[in-house]
Amino acid sequence: MFKRKKSLLLFLLPPLAGLLLFYVVPFFGGIYYSLTDGSYKNAFVGLQNYINIWKNEMFLLGLKNTMQLSLICAPLVWLLAFVIALQLNRLCPKGALLRNSILLPYLMPASAMLLVWLLAFDYGGTFNHILHAFGLERISWLEGTALRVPIVLLFVWKNLGFAVILFLSALQTVPKPLYEYADLEGAGFFRQAFGITLPLISPTAFLVIIIEWIGAFKIFREVYFIGGAYPDMSVYTLQNYMNNMYNKLNYQNVTTAAYSFALIVFILFAVLFGLQRRMQNNLR
Amino acid sequence: MKKLICVILALALLCASALAAGSFNLGRDFEEKYQDGVSSAAQMGDTLYMLGYNHVFEWHMGDADVTVYEMSTAPDDDNVYSRIQNIFVWNDRLCVLCVNAFYGDSESRIEGAGVAELTLSDGKAEINELLALETDDLIISEGGYEYFCQINGIVCTGDYLCMSMYDSSYMPAVYIVNLGDGSGYFAPTENAESVVPYDEGRILVRSCDYDAQKISFDIYDIENESLTAACEPLDMATGGSQAGLAYDSAADTLYFLSEGYLKAAEHFDLANAKNVAELSGEYYNNQPGLLLPGGYYAFSGYDGTFIRSTNPDDMMENYLSVQDYTYSQTVNHAYDSFNNSHADIAAVISREYREDAKIIEDMMNRASDTDIYIMANTMQAYSALYDRGYMLDLSGNEKIREFVNGMYPALRDACVRGDEIVSLPVQIYGFTLCADMKGFEALGYAREDIPTYWPDFLDFLNTIADELPEDGSIRIFDSYMTQRDARWNLFYEIMNDYSLYLSANGREKGYDTPELNAALEKLQQVDFEAMGLREAEEDEETEGFIAYDVNPDSHTLLQTGNGCTLGNFCYNGIPLLLSFDADAEGLIPIDLYSAFVNPFSENPDAAMDFLSALVENADDSLLYNTSDRLNDPMHYSGFEESIAEWEEEIRKMRDSLAEAEPVDVPVLEEQIAESERYLEEYRNNGWQVSPESIEWFRAHAGQMTVNSYDYLNGDNASEVYELYSQFIEGKIDVKTLLKGIDQKAKMMAMEGN
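Top line first, the protein sequences correspond to chains E and S.
If you're matching positions, the first sequence starts at 1 in my numbering and goes up one per residue.
If you're matching positions, the second sequence starts at 1 in my numbering and goes up one per residue.
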């Protein structure tokens with residue numbers, strides 16, 4: 001379409017300039033800050049900040065909790081979304097109402113949702129009423145390690161709908177005769193799901209796990225609303241650490257923590273991409 | 001004589017040149033000269049009248065000084081006081097609002113209120129009542145006490161007097177008085193905080209709705225009793241504050257004070273208001289501003305009257321911005337001194353509250369809007385800026401260096417980072433648990449008998465509770481306190497002392513420790529009922545009002561949160577300084593407010609000059625408490641005058657005794673004896689800084705420890721308070737409380753700075 005390279009570059013210039021100004025420059029600027037001493041003089045200290053935070057117990061705790069929470073939340077959302085999408089796909093088009101309503105939590109503001117959640121998980125709240133009705137002991141959901149349960153459930157409840165919609169759109173592309181053939185061969189629901197459907201929608205399945213994982217890495221609002229700047233140690237995340245460091249004007253540690261974490265995420269996702277590529281190649 | 005004329009001419013020239021430059025301050029020395037301050041002001045022609053507590057000050061534009069008129073505030077024969085409040089002009093007459101009140105031993109009564117004319121002549125201000133007001137709506141009755149509603153500001157338009165006030169339910173309201181017959185009614189406004197004349201027969205009302213977080217400006221038509229919006233409501237978070245309102249109807253311009261400046265908003269476009277003059281007074285009240293002839297604006301605040309040109313061309317090119325949270329005289333005097341000695345730059349003091357996060361954000365953005373910050377060392381922002389080194393090195397200034405190096409080590413250390421002096425103390429306070437030693441001595445205990453170790457001391461309280469005399473002449477806590485109050489207060493003392501104990505000894509920030517456990521377990525065992533304290537908040541017999549025992553022969557053994565620094569030293573007592581280590585001495589808690597320079601300031605030299613001015617103008621409290629450079633005892637201001645007045649009063653009573661009827665003699669003799677006793681007591685105790693307190697403070701100065709930001713007083717204060725409340729209510733035990741605090745405090749410490 002564009003025969004002259006110069007005019008092509010001209011059209012690309014505005015988005016490239018934006019990318020450069022708002023992504024590339026801050027990215028490298030942030031690296032520079034992570035190598036300075038944190039005073040207003042910004043003296044260069046090399047990798048000292050990296051050495052310091054990797055020795056800091058709270059950074060390591062935040063990193064560990066963030067990883068643990070994301071390892072629970074992302075696969076849980078992925079699995080539930082996949083199963084629900086399969087069921088909804090079977091109901092189609094009767095499931096339109098359910099399909100649309102499942103997206104509602106995703107659209108609700110987090111603060112309003114949290115208030116409802118706090119009431120439900122309060123010591124005298126709905127969940128403990130249910131436990132009590134079954135003759136079980138009440139649990140202090142909002143204190144100690146138990147706080148992980150409402151936080152994980154909240155994440156799942158909020159993000160499930162979007163993942164289901166992504167899966168549903170992918171499921172529309174799977175040819176129906178494949179299932180008919182599988183039925184004739186006597187394959188059950190789970191055999192069909194994991195033997196036919198999943199390999200065929202693997203790019204979407206991969207996208208969903210990536211999106212949910214990134215979302216789970218950012219679990220913070222929920223923790224902050226319930227537990228404040230210093231919640232129980234079991235739910236203290238990397239974002240808590242970075243937020244507290246920001247309040248202490250220690251943006252060197254904020255950037256150092258952010259780049260350290262980014263490196264981990266980069267390696268993790270590189271491995272995932274590698275796996276996905278191998279899976280695709282096997283299919284071909 | 002020639003010299004005198006020269007001085008007068010120089011003063012007049014100085015004043016005229018100051019006005020020509022657009023700025024003039026009055027009454028900064030009223031407190032010192034007349035023991036009075038300005039509560040409100042009114043303007044008639046080119047003359048400004050300022051109302052004090054017992055003076056009226058008159059100032060003609062262009063004059064160098066004010067004419068002072070004395071006003072009598074003595075009660076009449078029936079012990080009815082005439083409280084003069086709010087000056088205003090009505091039909092070219094200078095008027096005041098008078099409230100007549102009777103104050104008895106166990107009751108107070110409002111006898112009436114009215115508008116009176118002020119006549120000023122021969123140094124005296126005479127008050128002649130013009131009109132009685134209907135006061136039914138303006139009196140608050142509680143128990144046997146009657147109060148007049150608190151009036152915030154008064155404006156007069158036509159024959160109506162409009163008062164912004166707190167009504168009998170303590171809600172902000174506007175009350176309109178018809179000056180024809182004295183009748184009045186509440187205008188249909190909500191949350192109205194200030195009123196100002198708009199045009200003939202109409203007023204402008206500023207309202208703050210804290211629920212909706214909105215500020216609105218409405219025009220109220222008094223004749224038609226209708227309210228219309230002057231502009232769209234402003235968002236409270238971003239709309240700023242507006243004090244000292246004045247409206248120029250000819251130019252449709254609203255003048256107001258905000259962030260150290262007089263601002264002008266044309267057509268109520270407050271978002272685009274322009275700075276027209278610097279004005280750094282303490283203007284957090286709802287008094288209106290005044291527009292004077294020749295394009296001048298006047299505002300009377302707590303610390304004087306400020307006159308400014310409304311012409312922005314009179315502004316200086318450069319300003320030194322000071323963010324101050326102290327309201328300290330040191331800052332006010334430094335401001336005067338700095339502005340008088342600098343022709344090219346003027347200091348502007350902003351006292352609007354700024355959140356810690358905002359200060360940190362500004363610093364992160366390397367903002368230079370504020371040159372100097374003056375804030376408490378316990379603020380998170382202070383702690384962050386100090387820890388990260390976001391304070392300019394002040395060591396190069398000789399005056400500052402000399403002052404800081406001459407301070408007690410604990411204070412000096414708080415101002416030094418590495419080998420740099422980075423901050424300067426501006427205000428210093430200390431509060432702790434104090435004991436009335438005369439009371440203890442009456443029980444047979446000397447100072448050495450009172451334990452200094454917290455757990456032992458709490459045991460000791462149970463012991464002395466059993467030894468209190470039955471007549472109630474000695475009690476452990478004040479009579480108005482409940483058992484819960486006493487428990488709370490002691491608990492706070494323990495927690496504050498413990499935080500201090502941790503920071504003084506450089507210990508790990510742990511709260512679940514044997515020391516604190518031991519003290520709090522003992523607190524649980526203190527029998528507050530045995531001390532004779534009430535259990536409930538309210539006492540039915542007294543309808544919730546507990547009379548304060550003023551019997552001079554009675555003793556309250558313990559006073560929590562009482563002063564332990566010079567200038568606010570506990571009256572009739574000494575600080576106990578309890579410890580968490582049986583073998584160590586307790587600590588003096590010090591709350592410090594410090595000034596420091598923004599490292600990104602574009603006026604670092606001027607900022608240094610301002611800090612030098614702070615040193616030069618350091619108030620007595622600062623000089624007494626930061627080092628031993630000031631050691632002379634000091635009486636309360638006006639001590640000599642009060643003694644003279646008292647003696648004169650007693651002399652008059654003696655004279656009347658000679659002519660009194662025999663039946664009145666015993667009563668008069670009793671009154672004279674009583675007065676002499678009070679006079680003697682005042683003579684002995686009328687110390688702002690007593691010799692004993694100086695001696696005590698100098699002996700214990702080494703135990704000073706500066707409070708700093710920690711988990712208990714920071715952002716998490718509400719969470720901590722919740723835990724405290726649960727503990728005091730008995731819902732959680734010591735273990736649960738300390739575990740709750742301990743983990744989080746340790747997390748904060750482990751994160752590092």
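What the hints contain is simulated information worked out from the structure, not anything from laboratory work.
Accuracy of the hints is not assured; some may be wrong.
[To be verified] Below, simulated SDA-like cross-link-like pairs (lysine to any residue); rule was C-alpha separation at most 25 Å, straight line:
hint	chain 1	residue 1	chain 2	residue 2
1	S	K652	S	S627
2	S	K509	E	K158
3	E	K41	S	E670
4	S	K735	S	H700
5	E	K55	S	D742
6	S	K358	E	Y224
7	S	K739	E	K41
8	S	K739	E	L60
9	S	K731	E	L60
10	S	K735	E	M233
11	E	K55	S	M750
12	E	K158	E	L131
Note that this is a predicted model, so its numbers are computed, not measured.
Right, here's what the structure says about each hint:
1. As the CA atoms of K652 of chain S and S627 of chain S are separated by approximately 45 Å, the hinted pair breaks the 25 Å bound.
2. As the CA atoms of K509 of chain S and K158 of chain E are separated by approximately 38 Å, the hinted pair breaks the 25 Å bound.
3. For the given pair, K41 of chain E sits about 73 Å from E670 of chain S by alpha-carbon distance, which is inconsistent with the 25 Å threshold.
4. Our distance criterion of 25 Å between C-alpha atoms is broken by K735 of chain S and H700 of chain S, whose separation comes to about 34 Å.
5. Between K55 of chain E and D742 of chain S, the direct Cα distance comes to roughly 22 Å. Compliance with the 25 Å bound is thereby established for this hinted pair.
6. At roughly 19 Å between alpha-carbon atoms, K358 of chain S and Y224 of chain E fall within 25 Å of each other, so this suggested pair holds.
7. A C-alpha spacing of about 40 Å is found between K739 of chain S and K41 of chain E, which places the hinted pair above 25 Å, so the restraint is violated.
8. This hinted pair checks out: K739 of chain S and L60 of chain E have alpha carbons roughly 22 Å apart, not beyond 25 Å.
9. Our distance criterion of 25 Å between C-alpha atoms is broken by K731 of chain S and L60 of chain E, whose separation comes to about 35 Å.
10. For a cut-off of 25 Å, the pair hint linking K735 of chain S to M233 of chain E stands: about 18 Å separates their Cα positions.
11. Restraint check: the Cα-Cα separation between K55 of chain E and M750 of chain S comes to about 11 Å, which is no more than 25 Å; the hinted pair holds.
12. A hinted pair counts as satisfied when its Cα atoms are at most 25 Å apart, and K158 of chain E with L131 of chain E qualifies at roughly 23 Å.
This entry does not satisfy hints 1, 2, 3, 4, 7 and 9, going by the numbered hints stated previously.
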